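> Construct the complete structure from the given sequences, taking the supplied hints into account.
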Amino acid sequence: MVIVRLLLAPWLVAATMATARAEMQTPPPGASSCSGCHAVKATVDTPVPHLIGRSPPDIEAAMTAFRGGERPSLIMQRIAKGFSDDEIKAIAAWYGAQRDP
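In this note's numbering, the protein residues as written are 3 to 103.
What the hints contain is simulated information worked out from the structure, not anything from laboratory work. Each hint should be verified, as a subset may be incorrect.
DEER-style ranges, computed between Cβ atoms [what the hints assert, rightly or not]:
#1 Thr-45 <-> Glu-72: 28 to 34 Å
#2 Lys-43 <-> Gly-71: 19 to 25 Å
#3 Asp-47 <-> Arg-101: 17 to 23 Å
#4 Pro-74 <-> Gly-38: 17 to 23 Å
#5 Glu-72 <-> Asp-102: 26 to 32 Å
#6 Thr-28 <-> Ser-86: 15 to 21 Å
#7 Thr-45 <-> Asp-88: 27 to 33 Å
#8 Pro-31 <-> Pro-59: 17 to 23 Å
#9 Ala-41 <-> Gln-79: 18 to 24 Å
#10 Gly-71 <-> Gly-32: 16 to 22 Å
The structure displayed is predicted, hence computed values, not measured ones. From the three backbone atoms N, C-alpha and C, an ideal C-beta is built for every residue, glycine too.
Below, the structure written as structure tokens:
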């Protein structure tokens with residue numbers, strides 16, 4: 003029984019990691035529309051902040067501030083109002099896990 007567990011453990015870890023990677027590759031609802039303004043490569047020079055690889059708490063804080071009107075912006079205030087707390091967290095986690103292609 004111990005041998006079976008030892009043989010299955012690496013497979014379970016690999017399967018769990020593969021599932022987590024697949025989930026991070028598929029953007030959550032709403033995240034793909036961000037690339038209309040936010041560059042998908044960190045090397046692109048743009049006045050709009052990069053989201054890829056940015057800290058999820060930073061993204062969450064910015065989106066929440068836009069949604070609540072504490073951080074003024076003509077575009078982001080309107081966009082952020084359409085997202086729930088859970089959607090904002092999912093988008094922030096997804097962008098935080100992305101790396102420059």
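> Enumerate the violated hints, using their earlier numbering and listing them in ascending order.
2
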